[in-house]
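Novice: Okay, here's what each chain looks like letter by letter:
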Amino acid sequence: MALLEVNHLDVRFALRQGEVRALRDVNFTLERGERLGIVGESGAGKSVAAFSLLNLIAKPGFIAGGEIRFDGQALTKMSERGLRKIRGNRISMIFQDPMMTLNPVLSIGEQMIECLKAHRRISRREARSIALDRLKQVQIPSPEKRLDQYPHELSGGMRQRIIIAIALLLDPDIIVADEPTTALDVTIQAEIMALLLSLCETHNVALILITHDLGVVSQVTQRMLVMYAGRVIEQGPTREIINDPQHPYTQGLLNALPQMATPGEKLNQIRGSMPSLNALPSGCAFHPRCDFTHRSDGTARPACVEQVPEFVISGQCRVACHMVAEMLEDRRMKEEAQ
Amino acid sequence: MSTSTTTTPSRWERFRDSYLWYSFKRDRTAQLCLAVFACLVVAAFCAPLLAPTDPYDLRHIDILDSELPPFWIDGFDERYTLGTDAQGRDLWSIILYGTRVSLLIGFGAVILQALIGVTFGLMAGYLGGRIDAFLMRLADIQLSFSTLMVAIVVGAVVKSTLGSAFYSEYAVVMLILIIGLAEWPQYARTVRASVLAERGKEYVDAARVMGLRSKRIMFRHVLPNTLSPIFVISTVQIANAIISEAALSFLGLGMPETHPSLGSLIKAGFDYIQSGSWWITLIPGAVLVVLVLSINLLGDWLRDVMNPRLYKG
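From first to last, the protein sequence lines stand for chains S and W. For what it's worth, the numbering used here labels the leading residue of the first sequence as 1, then goes sequentially. For what it's worth, the numbering used here labels the leading residue of the second sequence as 339, then goes sequentially.
Worth double-checking, as some hints may not be accurate.
[Claimed, not checked] Non-contacting residues of chain S with respect to chain W, defined by C-beta distances greater than 10 Å in every case (computed): (1) Q73; (2) L199; (3) Q259; (4) D291.
[Stated by the list, open to error] Computed cross-link-like contacts, DSS-like style, restricted to lysine-lysine with a CA-CA straight-line distance of at most 27 Å: (5) S/K85 <-> S/K117; (6) S/K77 <-> S/K117; (7) S/K85 <-> S/K145; (8) S/K85 <-> W/K363; (9) S/K117 <-> W/K497; (10) S/K59 <-> W/K497; (11) S/K59 <-> S/K77; (12) W/K363 <-> S/K117; (13) S/K59 <-> W/K553.
[As the list claims (entries may be wrong)] Listed next, the stretches of chain W that the computed footprint assigns to chain S, with coverage defined by at least 3 CB atoms under 8 Å from CB atoms of chain S: (14) 548 to 560; (15) 568 to 575.
Derived by calculation from the structure, the hints in this document are not laboratory data. All C-beta atoms in this analysis are idealised placements derived from N, C-alpha and C, irrespective of residue type, glycine included.
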């Protein structure tokens with residue numbers, strides 16, 4: 001049994017204009033110690049997915065359907081009390097901005113001790129020694145001193161190290177990292193990512209890495225999801241997707257990487273921008289930006305505009321695209337004819 | 339990353355490095371006000387030591403000594419520096435005791451207001467929804483009754499059920515309750531507004547992700563971040579509570595004349611102002627003005643220092 005199973009997850013926001021569907025039919029599994037990447041542009045629903053894992057979506061959002069099973073228990077049906085025992089204890093989270101995630105008026109030590117004492121019956125002294133141990137693991141210089149310091153006395157990189165230390169505090173099974181390096185300096189980004197990776201490996205912690213940085217995803221994760229407008233459009237082993245992306249959107253994302261551009265020319269980009277979730281285009285949500293709504297012979301593919309694409313299996317990946325589906329169908333027909 | 343070997347500063351060192359202390363050192367008004375306020379507080383609470391006579395002890399009062407003028411007017415008595423009131427009590431002693439009563443009621447009422455207001459404000463702001471709507475409507479209803487009306491109603495009910503002797507005996511407690519209950523919405527509204535701003539910040543999400551209870555997040559994470567506005571309105575509210583008490587006593591709804599506050603002293607002397615004994619009402623009045631002014635000026639200074647829009651620290 002997988003450690004975490006997400007089946008047909010459906011998250012909606014009840015707004016005055018009506019319900020907005022922030023996540024539709026999201027499915028994935030995560031094994032113990034596995035690392036999964038979730039990629040997509042801003043507004044694709046990556047962070048909503050992360051929060052819904054802990055059943056922590058802020059109002060007016062709510063989980064409208066589907067199931068999240070963690071270690072055999074359905075988190076979607078669990079009481080607030082039961083969820084509190086899992087949050088921070090077995091599933092912890094790292095946020096984007098280390099400047100904002102630490103409480104400015106509590107010392108680092110107090111914040112760590114508080115988290116420990118919320119989940120375990122231990123004395124302050126024991127808690128302090130565990131906290132100190134974790135600070136050593138994240139390789140912070142002079143860790144004893146940090147315990148009595150306040151967040152504003154530390155640099156961004158150090159704060160993110162502390163946040164990682166807090167995430168590791170209770171030996172969780174899963175760490176959900178929501179863009180953990182976006183707010184940091186480029187030089188520190190690699191350092192923090194390497195640290196997070198090595199800690200996950202040594203503690204056998206599963207990692208869900210939410211990011212828009214495909215470079216990081218390809219280095220760190222074993223499997224990945226690509227999200228667009230609240231839906232997963234491609235998922236499978238990271239290496240396969242990076243080497244041979246099937247969905248035009250994934251192809252576009254990879255093409256947009258600066259290293260893919262020809263020197264001296266403009267960077268590649270996907271034209272247009274992500275549609276607003278309350279005004280999604282018909283059919284495939286990506287079709288207005290897609291270069292493949294017409295076949296190679298110039299005829300239009302009406303399904304792109306009319307029908308929401310179903311998942312098709314291509315190699316080890318699942319792809320939601322009419323073009324890919326058609327290609328696979330053609331190939332199958334040819335093979336049958338032979 | 340710095341590898342400095344400095345030890346973490348102690349609380350006192352932190353305070354000395356803070357903007358609060360820096361600004362205080364440069365602000366003459368704040369220094370003067372704090373000095374005046376501190377003198378008044380110390381004098382009031384050391385009243386039994388400083389006062390030459392005990393104005394509550396009827397044996398020391400001689401009606402023949404009544405309406406003696408203060409020392410700069412001819413006809414004064416050496417025993418009574420600031421003169422005496424209409425009942426022959428030493429004005430200096432009774433002002434000390436009266437200031438003590440006023441301060442006691444002021445602080446007590448503000449503590450009560452803060453307890454109710456901060457708890458309700460935190461709950462309304464953090465929990466939101468129906469609890470928020472309910473508590474804020476309660477606040478609106480409370481604010482639509484003026485302090486005076488609450489005092490009259492409570493006073494009338496208590497006097498008619500438990501007797502006026504009971505009321506005068508527990509007048510201090512009664513006034514703390516009345517002023518405390520009448521003014522808590524000020525706190526609740528201020529706290530709610532800051533909590534709403536704090537609630538959206540990521541550290542609150544982070545605390546929830548850590549699996550902490552709502553109660554803990556409210557009091558330990560959100561409350562300390564809303565302390566500056568609480569401090570600022572506390573100064574204003576203390577001054578307001580003292581004035582409210584004086585007003586109630588002046589109208590005869592507050593402290594009885596046997597245990598007068600500054601307000602009841604002003605009231606007691608007011609009847610004699612026409613007969614030339616102006617000092618009985620004016621001297622306690624001046625003390626009240628100085629007390630309230632010093633608190634208000636301190637509050638203004640505190641507001642300027644703690645306003646993050648004026649200074650971000």
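Novice: Is the claim that S/Q73 lies outside the interface with chain W correct, judged by CB distances over 10 Å?
Specialist: Answer for S/Q73: holds, closest chain W Cβ roughly 15 Å.
Novice: Take the stretch 568 to 575 of chain W, compare each residue's beta carbon with every beta carbon of chain S, and decide whether three or more fall closer than 8 Å.
Specialist: With 0 residues close enough to chain S, the hint is violated.
Novice: Mind checking the alpha carbons of W/K363 and S/K117 for me, to see if they're no more than 27 Å apart?
Specialist: violated, 41 Å
Novice: Please confirm whether S/L199 is truly not at the interface, meaning its C-beta sits more than 10 Å away from all C-beta atoms of chain W.
Specialist: holds, 18 Å
Novice: Check the hint pairing S/K85 with S/K145 against an upper bound of 27 Å on the C-alpha distance.
Specialist: Violated. S/K85 to S/K145 sits at ~30 Å, over the 27 Å cutoff.
Novice: Confirm or reject the statement that S/D291 sits farther than 10 Å, beta carbon to beta carbon, from all of chain W.
Specialist: holds, 38 Å
Novice: If you draw a straight line from the CA of S/K59 to the CA of S/K77, is it 27 Å or shorter?
Specialist: holds, 17 Å
Novice: Just to be careful, I want the Cα atoms of S/K85 and S/K117 compared with a cutoff of 27 Å; is the pair within it?
Specialist: holds, 12 Å
Novice: A cut-off of 10 Å on Cβ-Cβ distance, and S/Q259 was said to be off the interface with chain W. Does that hold?
Specialist: Non-interface label on S/Q259 holds, nearest chain W Cβ at 30 Å vs cutoff 10 Å.
Novice: Is the straight-line distance between the alpha-carbon of S/K117 and that of W/K497 27 Å or less?
Specialist: With Cα atoms ~51 Å apart, S/K117 and W/K497 exceed 27 Å; violated.
Novice: Given the proposed pairing of S/K85 with W/K363, does the C-alpha separation stay at or below 27 Å?
Specialist: Distance ~49 Å between S/K85 and W/K363 Cα, so the pair is violated.
Novice: Compare the distance between the alpha carbons of S/K59 and W/K497 with 27 Å, and conclude whether the hinted pair is satisfied.
Specialist: Outside the cut-off at roughly 50 Å; violated.
Of the numbered hints stated above, those contradicted by the structure are hints 7, 8, 9, 10, 12, 15, listed in ascending order.
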